[in-house]
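Novice: Could you slot chain V onto chain Z? The hints should help.
Just so you know, the sequences run in chain order Z and V. Residue 70 in our numbering sits at position 70 of the first sequence; the count goes up by one each step and never skips. Residue 1143 in our numbering sits at position 143 of the second sequence; the count goes up by one each step and never skips.
It should be emphasised that the hints constitute simulated quantities derived from the structure, not laboratory data. We treat Cβ as the ideally placed atom computed from N, Cα and C, and that holds for glycine. One or more of the hints may lead you astray.
With a straight-line Cα cutoff of 30 Å, these simulated DSSO-like cross-link-like pairs (lysine-lysine) come out [what the hints assert, rightly or not]:
(1) Z/K165 x V/K1121
(2) Z/K165 x V/K1120
(3) Z/K308 x V/K1347
(4) Z/K293 x V/K1474
(5) Z/K308 x V/K1211
(6) Z/K295 x V/K1474
(7) V/K1080 x Z/K165
(8) Z/K163 x V/K1077
(9) V/K1120 x Z/K163
(10) Z/K165 x V/K1211
(11) Z/K308 x V/K1120
(12) V/K1477 x V/K1319
(13) V/K1319 x Z/K163
Calculated from the model, a selection of chain Z residues having no Cβ within reach of chain V, i.e. all distances over 10 Å [stated by the list, open to error]:
(14) D4
(15) F7
(16) G13
(17) D61
(18) L63
(19) L125
(20) S144
(21) F155
(22) A172
(23) S179
(24) L196
(25) I241
(26) P268
(27) F271
(28) I273
(29) I281
Each chain is listed here by its residues.
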Amino acid sequence: MSLDISFIGVLIGSIMASSVPLILAASGELITERSGVLNLGVEGMMIIGAISGFALMVITDNLFIAIIGSMLSGVIISLIFGFLTQSLLTNHVATGLALTIFGIGLSAMLGKNFVGIPGKDFPILFSSLRESIPFFGPILFGHSIVLYFAFALPFLTNYFLKKTKLGLVVRAVGDSPVSASNQGINVILVRYCCILYGGGMCGLAGAYLSLIYTPQWIENMTAGRGWIALALVVFATWSPIKVLIGAIIFGGISILQLHMQAVGFRIPVQFLIALPYLMTIIVLVVISRDSRKIKLNTPTSLGRIFYKEK
Amino acid sequence: MATDLRISNISKIYPGCIANDNVSLQFKSGKIYALLGENGAGKSTLVKILSGIISPDNGEVFLNEKNLKLSSPLDAKKNKIGMVFQHFNLFETLSVFENLSIDATEDNKSLRVRINEILKKYNFSIDLDVPVLNLSAGQKQKVEIIRCLLRSPKVLIMDEPTSVLTEQETEELFISLKKFCDEGILIIYITHKLKEVLSLCDEVAVMRKGKVVSVSQTQNEKVETLASKMVGQKLAKIKKKINTSKNKDEIFKVKHLNFYSDDPFETNLVNLNFSLKKGECLGIAGISGNGQNELFQILSGEIITPDTSIIFRNKEIAKLNPKQRREYLMAFSPEDRISQAAVPELKIYENVALNNFKSSNFFEKGLVNERKIKEHSKKILSDFSVNTDNVELKSQFLSGGNLQKLILGRELITAPELLICYNPTWGLDVGAINYIHETLIKINDEEKSTILISTDTEELLKLSDRIAVIYKGKLSKIMPSVEVTPEKLGILMGGGSID
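Only chain Z is shown next, with the shape it has when bound in the complex:
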């Protein structure tokens, strides 16, 4: 392995790519949780997004339709969760777990005929700049549009929550749905919207995997990334920027440990595989240990069932 400067640039670029699905799914789930809804179905929604994106690409041969379709499928499957938890008042945890199991099973069934079909090249932006600028080229350029969107998303989310009226309403609903309802806010509607948004982002995260990152369909290809995204939201104490940091660390160490394995460091493989999980948790715990801030960011009503008095 040569550790020249251009190699590091490429390495950083690939780290960024590997963290995209985590950023997308965690940012979506963050909004859902900020409204007080705990949706453990992230993994299920991602894998549904992955298969529907890939299937649409094969059927229509149109990547745009595939991307939009994957988001829509995430929205539709999260609508089931929303209907159960918000309208039928089922338990968030149980419903979310069921959603994940359902998503994995359904995607495997739908995906049977798509195994082994090669994917399509996804258009990348500024590919000429990527080659011409050393080091920064592979970092900043030559990525898909989804990657640029993903890296902007935590900042947009932060702005939405902190600066906009709607963001304020979402935080209020997550803090105290009863108070919000008594102030005339339609709590159920707000929560539905946040659930559907979270579903859409998870769908997109799945499509990124099957259309861009590793363009093909493999059964269970999300491989636990949904659970990582969920954990990121909690360990980042519901702060979008910390979610971004956590996702990059996780993606980074996942890639680095692969290289370390390849080089043949004399560290047990099991430890290297566990390293991303360990480091992400340690870093996020260390950067978010201000208990006051945690209290202010934590949606107080998270996971609690809200029903309106009549």
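Specialist: Just chain V, lined up with the frame of chain Z:
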């Protein structure tokens, strides 16, 4: 413009309970109206109907002869009916300004100007950019009031507003309310505190079991007449014989009680020292959130603090857990009946068994002796006049008063030497309060001691032999209760000094 609010034949029926039974009332601006009643009398249901949170099964509301359709809180807002809830409807993690801006239609800049005008006009001092959880209860209430005032209300409904306030804060509130009234806002004041009705309100409507039983001018009423209307029977007056004998044995002594926590929701306790004699009641006053929770948990053994010495019946017990302390004849009645003192989903007899003491034989060879527990529970139900004899009933179906009687009964039937209770009559109605007070006095008469941590100054003055005030985790001087007045307590509770 004068405001005229008329409620006509309102009924609201819940399964198994008529919350409002054909209620008709009339209010006119320029006066402060009291709506008086025990818990469960239907006051809250009525104000929830007026604020659009629930809809009545029957009946109509007229504002200036216009029939209002109040099917959501938005309708109440549109019709300029403002409401300050007993349990604040604020968002604790949002800043004061965010709380106020959430339903504003104007932009933030002009809203801030208007809020500042209101703050100035009524002499409120509140930092708009701190999170609400940092505010005291009195300040939170002001935020709620400002929220109503921003919409220039015609009607302002206050639901049990003084339950969390100090004497001073209460006085301030009354001054503000009178100001609002002079400005033409119609004020409806809901309470079960009789003295407040007499000192603040012009007219009083008494509710009992969902019905309006009387409407009268307050100047024609006295505490006794209102009380008997509210309860429906004459109440026995209770008076404690103050325990003056000084040469009794010391039974309980706390030294160097310190507690430090990182949690912003907890209060640190700084070097608390006090002692207690046999048959004595020590009252600890203070506004909630000044360290009472932590103190109670340390005294009951839920939290063990290092370097603290607690001597009880000549034995060091600071390191014992709650169960061991109970076996050594201490008893505890926490503030939160539902989540700390009892498990609401369990049946009455199961809740009784939770407090299993050594001599009870509730459990034999690891098995539950149901028959024994049920017998024991029946005895508690009858000895402490709990309003049921069905030990199979789930505890959540007991009213607050009956649940508290059950908890006290469970604690007292072990004949403890010391009972520590925290807000034992919180949220209860006059009848139940009377019963609990009688029980607590009886304990002292039997030469048993009590520590009463309470936010109700009247209760403290009535029951304690000596009183201390806790403020920001520090304990004031301990004073004989005969030397203490509500005003003095109020000053100490607000952090002032009386020397």
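Novice: None of the hints should be skipped; say for each whether it holds.
Specialist: How the hints compare with the structure:
no., hint, in the structure
1, Z/K165 x V/K1121, "28 Å, holds"
2, Z/K165 x V/K1120, "26 Å, holds"
3, Z/K308 x V/K1347, "27 Å, holds"
4, Z/K293 x V/K1474, "26 Å, holds"
5, Z/K308 x V/K1211, "25 Å, holds"
6, Z/K295 x V/K1474, "25 Å, holds"
7, V/K1080 x Z/K165, "23 Å, holds"
8, Z/K163 x V/K1077, "25 Å, holds"
9, V/K1120 x Z/K163, "27 Å, holds"
10, Z/K165 x V/K1211, "43 Å, violated"
11, Z/K308 x V/K1120, "37 Å, violated"
12, V/K1477 x V/K1319, "26 Å, holds"
13, V/K1319 x Z/K163, "50 Å, violated"
14, D4, "48 Å, holds"
15, F7, "45 Å, holds"
16, G13, "38 Å, holds"
17, D61, "47 Å, holds"
18, L63, "41 Å, holds"
19, L125, "37 Å, holds"
20, S144, "37 Å, holds"
21, F155, "20 Å, holds"
22, A172, "5 Å, violated"
23, S179, "4 Å, violated"
24, L196, "22 Å, holds"
25, I241, "18 Å, holds"
26, P268, "37 Å, holds"
27, F271, "32 Å, holds"
28, I273, "35 Å, holds"
29, I281, "20 Å, holds"
Of the numbered hints stated above, those contradicted by the structure are hints 10, 11, 13, 22, 23, listed in ascending order.
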